[in-house]
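From just these sequences and the hints, can you work out the full model?
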Amino acid sequence: MSTVDNPRLSSVRGASPRIPRACERCRSRKVRCDGNIPCATCSPGHHPCIYRTEPRTRKKRKRALDATVGLSQTSSHYPRPRAGPVTPTLHDPVQYKRQRELRAGIGISNVDTGSFQFYGPSSHFCFIERTCQRITRKTNETLLTPRTSAEGGLGKWNLKHFMFSLDVNHPTTCQPDAYIAREKGSTLIDAFFEIIHPQIPVLNYADIVELWEDMGKPPGQQRVRKGKEILFMVLAIGARVSIAQGQQDTSVLKDWADHFTTQANGLHATFEDLSLPSTIFLLLKGMYAIQVMRPNEAYLYLGHAARSVMALGINRQQVVNGANVVVHSLKRTFWAIYSTERMCALYTGRPSAFRDDLNDAPYPEDLPLPAIPDATAENFRDPLRLCGFVRAMAGIGQVADRLFLEIYSPKSISNTSSPAQVGDLAAETEPLLESVTCQLPLYLHFFDITLPPGRGWQEVQRLTLGCHYYFIRMLMHRHALLFAAFFDSREEAQRSAGDRFNIDLSIQETTKAASNIIDLIHDVYFRRYPRARFDGASATILVSACITLLYDVLDPKTNADHAKFVFAAVERGVECLDQIHHVGHTTGKAVSLDVMNIAKDALHSTTVDPELSQNLHLLPYAESVLLDGRAIDSGLPRVQAVVIDGPSLVYHVYRRLLGWMDPSSDVLDYQPTCDEISRGVISFLLQLTRMGVNINKICFDGALPVSKREVRYSRIEKLRHRLELARRNLSLPATPKCRDVIPTKRGQVWCSRGLPQRRKGLPENPFMVSAVFEDLRTRWTKEQIRKEVDDDVSCLVAGTDYPWADITVMVPGEADVECARVAKLTGCAVLTDDSDLLLHDLGENGAVLFLDSVQTSSGVWNPADPDIRGLRICPHSLSGRLGIPSVQWFGYELQKNHHLRFAEITRIAKESSKATELSSEYLEFLQEYQPEGTDNEVIRGAGQSAQPMDPRVSELFWQYELPGIYSSGEQPHVYLGILNEDSSRRCAWEQGRTYRSLGYSFFNISRPAANQFTVVHEFVRRGGRIVAEEITLSGTKTVTSDLDLLRRRLAHAHATFDKGLAPEGFWFLYALSDIYRDGAGTTTVPSAKELESFLTKGYMAQSTKWADIHLLAQMQAALYSLRILKQLFDIAAPDDDLVESSSLLADLPPLHIMMSRQKMIESFANTRLVRHAVRQLIETYG
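Residue 1288 in the numbering used here sits at position 1062 of the sequence shown, with consecutive numbering throughout.
One thing to keep in mind: the hints can contain errors.
Claimed, not checked - Only pairs whose alpha carbons sit at most 30 Å apart, straight line, appear in this in silico DSBU-like list of lysine-lysine:
| # | residue 1 | residue 2 |
| --- | --- | --- |
| 1 | 1331 | 1385 |
| 2 | 1122 | 1050 |
| 3 | 738 | 790 |
| 4 | 1331 | 944 |
| 5 | 1285 | 1385 |
| 6 | 1122 | 790 |
| 7 | 934 | 1050 |
| 8 | 944 | 790 |
| 9 | 1331 | 738 |
| 10 | 1315 | 1385 |
| 11 | 1323 | 1013 |
| 12 | 1323 | 1385 |
| 13 | 1315 | 1331 |
| 14 | 1352 | 1008 |
| 15 | 454 | 410 |
| 16 | 1136 | 934 |
| 17 | 1136 | 1122 |
| 18 | 1136 | 1050 |
| 19 | 1122 | 944 |
| 20 | 1385 | 1008 |
| 21 | 934 | 790 |
| 22 | 1122 | 934 |
| 23 | 1385 | 1013 |
| 24 | 1285 | 1013 |
Hints were generated in silico from the structure; no laboratory data involved.
Structure below.
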């Protein structure tokens, strides 16, 4: 025996050096560890070999032991929680009560039967009850409050039927002697082995088939053998996961499932027969309970199975030590029961029957191909042979138990001196969970969405493993959501928790995990393996993920953007639930309605954008449609023509592209550029045209009425707040990771992807709407599309160089009004994300098609068969279904009472619509959606001259042209967007103010004297607020002087920088020089090396800093101000001696170039020219 194998000999001889660390498994078994990864003890059995993050000294160990004297110990397999210097919770009554509440469970009784069940804090039902309390804002009531029953959300949302066996006294409709056709039974067996067998690979297909064939023989020829109860359970579960062709078929399969379950129960005295078959029978009973969403029954059956395997001793190495097929089967059986029971225990919030310090059975290893010859079907043989899934699920089961004991158990209150300890535990558990993914075979990489779909059993294992992995991650951090709810704000909660527990980060982690669950299941159901949607086990985790997201959105400070993201994720989850055919007492459709009820109640309790409430209220009335103008038989209603809300399309493409960005890239690179958004819009329009969808018009806002000024101000203020939060919380990378331009692919704008939290930090690109409008009008010719977008343009109309220039209009007013007019005239659908369009008069056939819902049916892009669908609502049909004259009545009452339920709002709308005289409030509400016809005609008649303008210039133009509608006698208003800048410094819009002032004054003196103004109010950021800054308009003499100064500056800049530079390079340098010229004496000019680095890389130091971000924003402000000046030159009617002013800025580049840091870097690729230009700049201004 070697000294390594015998720790006693090695200590006597003193021959081997001391190993400073040992893995957790060796620690628990008190054997010597060699310190390797994996160590010699863990390697033969494929056990997870995990080390503590840092070795603990003898002194630290003593302190930890002293701190835990007298407390109940958790499983000795795990390291004890660290003890900190904070005063124990027991001495702080408030904190102690909070800790008790975090670990409180919920008891539910059935008054009809007298039965009672208890679910712990990690359970789904307990969390639903907390969600109900938060929705109803019962701050004085907790789960610790004594009560006679726990109706709450469980009764309100009709969820009790998942707890108690309501049909326990109702016999199956099948006769006791009913028989099923042999072929049908074989189909049910195959269904079991396709869906369930990969999750619990404990049965041999050939054995089950032999049993089934034996039952088909005459009674005298049947062999008397055990195992029929297992066969009946296989048939019962197979009926639950079989493919149903319709509601009637689903009902028949359910009856057969009930019948075979009854038959199995009558055959076996399970608890008295301690054997391997009886243990497998209990496992199958537990799996059946999971399929029908009966967690209580599943916990009981799996708990009995756990005790059976321990009574049989197959949890011990001395019993299952060996490498033959029989021993391999025992290992598989033990670890399958272990992981299934552990996850069920965590889900129900109850203790596991296993103790890890008493289990030393090794993991099953992978077997060579001929090792299992009896299972003839290869698809059913490989799960028995390849055990990567079993090993990974066992590792997750170990983490699940530690999570339950050290976060969710009542004993953890005593050794949790502060919430920070829970954060420490999560940090310690993270490596344990991550280690599960380190040695996975490729087909189990659930985190890799680019992985090609595998075989059926591989996809089932990949889905199951991924769901449980993300479920553990979700519960690992979900306590932060509950803890934050104890306080008025997260800031107050963070102060109470201390620096070691980052509440925002934990909440982000739990919502990210919940979103990942939904995305993973959606991907499998609609693309990778649609057969998996017949597995009802996914429903429980799906519902839990949806409820977790909804609890997060209940935060009073939730903004509209985050709420939209959450409800979009929940909508995908509901879509998945709709696909599940066999769930408990009903179908997934009914479960999804329960979730939608919770979502509606959650939305009513928030104070976010009321438009979201309207969307969610009307979602059940939307119909699924196919975007295709070609003559095809799809079985779905088709959308053949659209009018597009331009700004909505731009923001939609922006969000879709944002999902494809590399989140680890530079902070200024993880947002799509104006150029990339413009290409994405072209790709979107091309695909619509290719599918035969006629695009009638693309409308952009040219001006908003005075009544919308408050809304406009509110939106800018929200963006300013987002910028402030980003400046405070966004961490900049230490090393840059600059990305290339995104290649334009059609699938990117037609497939939805979730957004990491980091990408929601900075405000949206403030120039993208203007850039897309400009490009549609002047950039995108057929040749440019073929060259830059690399797409087929054969679908476009011949003889037109600019395919969309004529139908792209800057509406002299709101785009909504023109979209509604076109929809009413043509009967087409309005493609938008603005639900307010439902309140416009769209005619009998006009409809709203929501952009957020438009995507491929499978969730992935298939060029051969895109199958693009969306959700459409026709207001005329909707009002008929609601029994009201028009949807406007519903919208009016919803605006007043958005906290009420849908049915109540509809009732009030019906009563209000019967009034003989309309109220003044209702008439005022209607004005926004029924503009006066005379003004409309005036606007459309006068609008053509304003078509090429930027939206902000257009709005200024219309305040002069129609002051009664757009200025109401006040001085003109200009709303400048929130730049991505350093909010702690002076607003970057200060740069270029002189150019904007010159433009406003130039345009003002070109108007008739009666129509001139004295000032323009610019709404910009000043410190931590949005203010209206007055710009005094100059007269002709001052304008002439300022124009001369501009000519001299431009002439000097051309003489200084023009040598070998492209026009865009010149203008980038001019904007940069303008910053240091205007700030002469107050702004320090960077060194030559820093400026060279900024122009060629985008940052002055080793990586992007806020100084670089702010400098780029200043350049953008200067260039955009020059663009405003140029357009005001173009539309003004000045005196003859000022006409030549319009040529001063003739070569100013388009927005998609001027507003791009990448374009700036590309224009300074020549190092020699850059050095010369920088030298000239420093000599002039340094």
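Evaluation of the provided hints:
About 19 Å separates the Cα atoms of residue 1331 and residue 1385, which keeps this hinted pair within 30 Å; it holds. Between residue 1122 and residue 1050 the CA atoms are separated by roughly 27 Å; this keeps the pair inside 30 Å, and the hint holds. Simply put, residue 738 and residue 790 have alpha-carbon atoms about 15 Å apart, close enough for the 30 Å limit, and the pair holds. Between the alpha carbons of residue 1331 and residue 944 the distance comes to roughly 24 Å, so the proposed pair stays at or under 30 Å and holds.
Between residue 1285 and residue 1385 the CA atoms are separated by roughly 19 Å; this keeps the pair inside 30 Å, and the hint holds. For a cut-off of 30 Å, the pair hint linking residue 1122 to residue 790 stands: about 21 Å separates their Cα positions. Under the criterion of a C-alpha separation no larger than 30 Å, the hint pairing residue 934 with residue 1050 is consistent with the structure, at around 24 Å. As the CA atoms of residue 944 and residue 790 are separated by approximately 15 Å, the hinted pair is consistent with the 30 Å bound.
In summary, the hint linking residue 1331 to residue 738 is supported, as the alpha carbons are separated by about 27 Å, within the 30 Å threshold. This hinted pair checks out: residue 1315 and residue 1385 have alpha carbons roughly 20 Å apart, not beyond 30 Å. The straight-line distance between the Cα atoms of residue 1323 and residue 1013 is roughly 26 Å, inside the 30 Å bound, and the hint therefore holds. A threshold of 30 Å between alpha carbons decides the hint, and for residue 1323 with residue 1385 the separation of about 11 Å falls inside it, so the pair holds.
Restraint check for residue 1315 and residue 1331: satisfied, since their Cα atoms lie roughly 16 Å apart, inside the 30 Å limit. Taking the CA atoms of residue 1352 and residue 1008, the gap is about 27 Å. The hint holds against a cut of 30 Å. At most 30 Å may separate the alpha-carbon atoms for a hinted pair to count; residue 454 and residue 410 meet this at roughly 17 Å. Only pairs whose Cα atoms come within 30 Å are accepted, and residue 1136 paired with residue 934 is accepted, the gap being roughly 28 Å.
A C-alpha spacing of about 15 Å is found between residue 1136 and residue 1122, which places the hinted pair at or below 30 Å, so the restraint holds. A hinted pair counts as satisfied when its Cα atoms are at most 30 Å apart, and residue 1136 with residue 1050 qualifies at roughly 25 Å. Under the criterion of a C-alpha separation no larger than 30 Å, the hint pairing residue 1122 with residue 944 is consistent with the structure, at around 23 Å. Between residue 1385 and residue 1008 the alpha-carbon distance is near 23 Å, which keeps this suggested pair within the 30 Å criterion.
About 22 Å separates the Cα atoms of residue 934 and residue 790, which keeps this hinted pair within 30 Å; it holds. Simply put, residue 1122 and residue 934 have alpha-carbon atoms about 18 Å apart, close enough for the 30 Å limit, and the pair holds. A hinted pair counts as satisfied when its Cα atoms are at most 30 Å apart, and residue 1385 with residue 1013 qualifies at roughly 18 Å. The straight-line distance between the Cα atoms of residue 1285 and residue 1013 is roughly 29 Å, inside the 30 Å bound, and the hint therefore holds.
Comparing the model with each numbered hint stated earlier shows that all of them hold.
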